[in-house]
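Could you slot chain H onto chain U? The hints should help.
Protein chains: 2
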Amino acid sequence: MRTPSCLLPLTLDSAVLNLSNITDLSPLPDHILIELFLRTLRAGKLTERVLKLFIATGKDEVFSLIQELNIQVTVNPVLPTRTLNSDLTSFMNAWRPIFSRFHLIIVKDLDLKEEIKIPEGFNLDVYEKPDIDRLVGTSTSIIFSGYACRYFGYLVSRKKYIISVDDDCLPAKDNKGFLVDAVSQHITNLTTPATPFFFNTLYDPFTEGADFVRGYPFSLRSGVTCVLSCGLWHNLADYDAPTQALKPEERNSRYVDAVLTVPARTLMPISGINIAFNRDVVGPALLPCLRLAAEGKFRWETMEDIWSGMCVKVICDHLRLGVKTGLPYVWRNDRGDAIASLRKEWEGVKMMEEVVPFFQSLRLPQEATTAEDCVVEVANAVKEKLGSKDPVFARTAKAMLDWVKLWKSVGGCSSSPGA
Amino acid sequence: MRTPSCLLPLTLDSAVLNLSNITDLSPLPDHILIELFLRTLRAGKLTERVLKLFIATGKDEVFSLIQELNIQVTVNPVLPTRTLNSDLTSFMNAWRPIFSRFHLIIVKDLDLKEEIKIPEGFNLDVYEKPDIDRLVGTSTSIIFSGYACRYFGYLVSRKKYIISVDDDCLPAKDNKGFLVDAVSQHITNLTTPATPFFFNTLYDPFTEGADFVRGYPFSLRSGVTCVLSCGLWHNLADYDAPTQALKPEERNSRYVDAVLTVPARTLMPISGINIAFNRDVVGPALLPCLRLAAEGKFRWETMEDIWSGMCVKVICDHLRLGVKTGLPYVWRNDRGDAIASLRKEWEGVKMMEEVVPFFQSLRLPQEATTAEDCVVEVANAVKEKLGSKDPVFARTAKAMLDWVKLWKSVGGCSSSPGA
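Protein sequence lines correspond, in order, to chains U and H.
In this note's numbering, each residue carries its 1-based index in the first sequence increased by 16.
In this note's numbering, each residue carries its 1-based index in the second sequence increased by 16.
This is chain U alone, in the form it adopts within the complex:
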């Protein structure tokens, strides 16, 4: 642990947090400038604007550091979008101001027969059944249909950050009525540190206008890398079918203006509706492996993302990586009849009673140091501890091992899109 016995490191840490207020770094002595640059980098605060601020000093030391570290400022999120609905026109047009800046991946649900319609003006690749068959083959237990089709996009993308939004969601508005740029908010969440080892009562200390409160240990203030950002939903919240059926009129309109790190060893139901993650670090831990026997085409009839979320959270805790939740919101349109889904949903609801205690008590061996290693360890534990309780768990464990193999063979090398 670092003891803050000298004012300089503290001043530098504070300067890192206040970079947005700084317009000129040139008066700084060289060694302090370099130290500030390194701390900025470690804190995930080296945005394009901040980098320009350093470049503007004209100092050779800064230039050589930038070259040495091979720093690139562009961030290119990818958007895999599953589709049940073949006409994406209104969806894409609503997202145009945000998505048109990025390269998109759209994966067509294997069960969808019609051609999909996409308006002009986007930079995108569409993947359909022939592309999937060609890359993945048929010898695997992974099925990219329904909500799980998006995971094919995670597999073939080569971008560091991936953002994924369900196609029944539109951009939301914030509490001042402005359109929420969900991509920017997710990228901010992923590029600023997470603080999973101690709770900060003012929530994300890296948000503008916030900081660590009195009593927060200084040695924990640098935080850890954030690799998963879970966004929320306005209008139709992500409830299960029983809850939605019992509250047919309930819509979520509360704007909670906060991002927070979910503490280490705290599990949560991670929804796949509106998420972003660092593919380089945890890509293989987001996995389409749990498929309910009576899985349907509405969100509340699936548990694939909840399972994947339990896996990725346990893996992040083990690898000392961070998970954030909160902003950004998306506007989620109504779809499906919750009462009709009630019969299917019980399977998923009951399953969590076994799954939660399992993941709460799961500890991974120290030798597991990558997301791939960890997925294999989780899969083996699932087979051993849950395999006898329900056939779904044995199938899931098998699919997780297949997924790691697939990720190693396909996820690591470049691919060309079809269609």
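Don't read these hints as lab results, they were simulated from the structure.
Hints should not be assumed to be uniformly reliable.
As the list makes no split between identical chains, a pair holds if one copy fits it or if it spans any two.
Unchecked claim - Derived pair list, reagent style DSS-like, types lysine-lysine, alpha-carbon separation capped at 25 Å: (1) 68 to 263; (2) 424 to 145; (3) 61 to 263; (4) 366 to 399; (5) 176 to 61.
Because the structure is a prediction, the values reported are computed rather than measured.
Chain H alone, transformed into the frame defined by chain U:
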């Protein structure tokens, strides 16, 4: 664990959450009505309005249950207020719409020489040095001066719920511009369950318009008793002196419209500026035992509440009780010169580097089943594990044991106020 194999318990649980939308319970069959009543009670949802709803059914079974359980609808928070400032006129007048409904306790800082001024129209008791000496004597290591004077109020109150607000705080406004009734919000936080064993991404599921999200295990939805509610601060946030000194202009204006349970085994820096707690259950665990050698009269020169907060959180986790944070906000006025405080503050800042790992690894024995038991266990562990690191810890451990003795002798029996 309860498996939700039948729709009735689910329907009842949902009805409990939706009581605010129900205007007539009389059509319900008797056995369902009684079951709903008991669930409402367990969920902490038996407000005055809801009780009237049950009474309005006119069913004998309901009346006898109310009599049997000795249910009383009034909640009487107590407000201990420490004072550095002898003139409380503007403070009390600002809080009048809220505080005039309740019985207040004001404890005068032992170091304050002047008479305190309090406007008319409040139901209150003021405690000063002679009252404290009479009840506590001088043979104890507990010193009720500075911020610690409030704990004398905690000791002598006989109310179930205690609310405590620093005298440099005024009522805040919500995001619609309405005055925040901090007492009502704290009482809502304390009388609805907490959910420390699994994180709910829509935050407090018992808030109006919210619920448990898809994937949240049904067996954990009943939650546990919430015993501590930590509120937040607008304007001057509760930063330490270094942070405030480095950001002299920073003021908190973000209104985060949320209450959330701090997960089990997650530690946090609990501020004493704006809190409420269930005195019957955790009263003895809020303790004025840590006193810095250079403790001052500004919040950022103290750690007494942070220490107390670490103790109470560890004890709540051990006893399976809940702690919430978030709403309500209070408006905190500027006071003190952070730069002048920097010299004193280092002691507290450095201390946390020892304290946090200690509390994170602390496990209490199963035999400790009350807050008093737990405080004794924590005190013994502090003496053993931290005692040799700094004399402040040995003094604190001794004061904690004295506090439990004091609570047993004074905290349990009735007292009459002086002056």
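Hint by hint, here is what the structure shows:
no.: 1; hint: 68 to 263; result: between (51 Å within a copy, 23 Å between copies)
no.: 2; hint: 424 to 145; result: within (21 Å within a copy, 73 Å between copies)
no.: 3; hint: 61 to 263; result: between (42 Å within a copy, 18 Å between copies)
no.: 4; hint: 366 to 399; result: within (19 Å within a copy, 46 Å between copies)
no.: 5; hint: 176 to 61; result: within (17 Å within a copy, 47 Å between copies)
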